[in-house]
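J.: Let the hints inform the model, and build the full structure from the sequences given.
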Amino acid sequence: MADCPECAGTIEIKEGTELGEILQCPDCGSRLEVRSINPIQLERAPEIQEDWGE
Amino acid sequence: MVCALIYTILTPENKLLIEEGKKQGLEFERINDNQAILQLTQQPTTVPETILQRSSSFTRTLYLTHYFETHGSWVVNTFFSQQVCGDKAYCSTLLAKAGVPTPRTFLAFSQESAMKAIDNLGYPCVIKPTIGSWARLVHRINDRDAAEAVLECREVMGSAWQQIYYVQEHINKPGRDIRAFVVGDEVICAIYRISTEKSGWVTNTGRGGKAENCPLTDELEEICLKAVGILDEGIYGIDIMETDAGYVVHEINHTTEFRNSIAPTGVNIAEKMISWIKQKSKQ
Ligand SMILES: [Zn+2]
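Same order as they appear, the protein sequences are chains A and B.
Heads up: the first sequence runs through residues 1 to 54, numbered per my numbering.
Heads up: the second sequence runs through residues 55 to 337, numbered per my numbering.
Please note: incorrect hints may appear among the correct ones.
[Unchecked claim] When the alpha-carbon atoms are kept at most 20 Å apart in a straight line, the in silico SDA-like pairs for lysine to any residue are as follows:
id, chain 1, residue 1, chain 2, residue 2
1, B, K69, A, I40
2, B, K69, A, E15
3, B, K69, A, E43
4, B, K69, A, G16
5, B, K69, A, P46
6, B, K336, B, G75
7, B, K76, B, P66
8, A, K14, B, L70
9, B, K336, B, G79
10, A, K14, A, G29
11, B, K69, A, G29
12, B, K69, A, I37
13, B, K77, A, T17
14, B, K170, B, C207
15, B, K280, B, A299
16, A, K14, B, E74
17, B, K264, A, R31
None of these hints come from the bench; they were simulated from the model.
All values derive from a computational prediction rather than experimental measurement.
T.: Given below as structure tokens:
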């Protein structure tokens, strides 16, 4: 479990979660990057760049 | 077989692909494009045989793919396909030439000629950047005042890309559009992307649109396969709209998101992708 840095909601951290992984907060929908595993630390994911797209 | 995954961030899609690879005995060597340094003037001793290109950045995608393709890797998708899919102008041109129904579109390079193109299309019409996605800077233009305002803004924006004017007829869609997934020569599934209050007239699931299963029909499969026929064989997400006159293909995505499409379609998209890559790599 970890706290969302945006809304303080609770985010479930699954087994096998990796550094750099992008998670989405189920409460506020923020995209969060896993910045540290032990202890779990989440930060807002990098902003979308101009040439990013699918 | 040495297979690599190129990525910018470990998105849920990339994570699913890595996990599915493990299940199928395919261990990805990871190439994070933030850390990559390409030594252009020295022959690499080895390159991965197969590369799944999942970078978030279109420009990085092109450079990395060109480099590895030049040195013998098979990259999914190919440099040619990425160029065409990543730039709406190339895609429109080739779709139209191949006889795939696509919205009436003009490309212009100055404010003045863009206005002429808009007048020719009539209102409402749509202006989009040729590169980039998730519907950023896509604007519906309802009248001449709006057209002038948008063109004026574009003119003073820093990037040269903003002065490439891609203007398109506005398709009146029934509050939804279709995203179909093609792997190799198979249309594996499709979803309806339904616009919600949050997403407004944009139906992108990344912008709050809702996803529902879209049953595959012969007609839908046929137009999808015809559309990817303009590209090298690969893995694509095709955006389609329904009109009174039938399906219209809007664009083809070369690094398609799919996490919101697995549950509604019941199709394990990552599994299909990995199986296909494995099968193709053996040939
Ligand atoms: Zn949150």
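J.: Hint by hint, which ones does the structure fall short of?
T.: none
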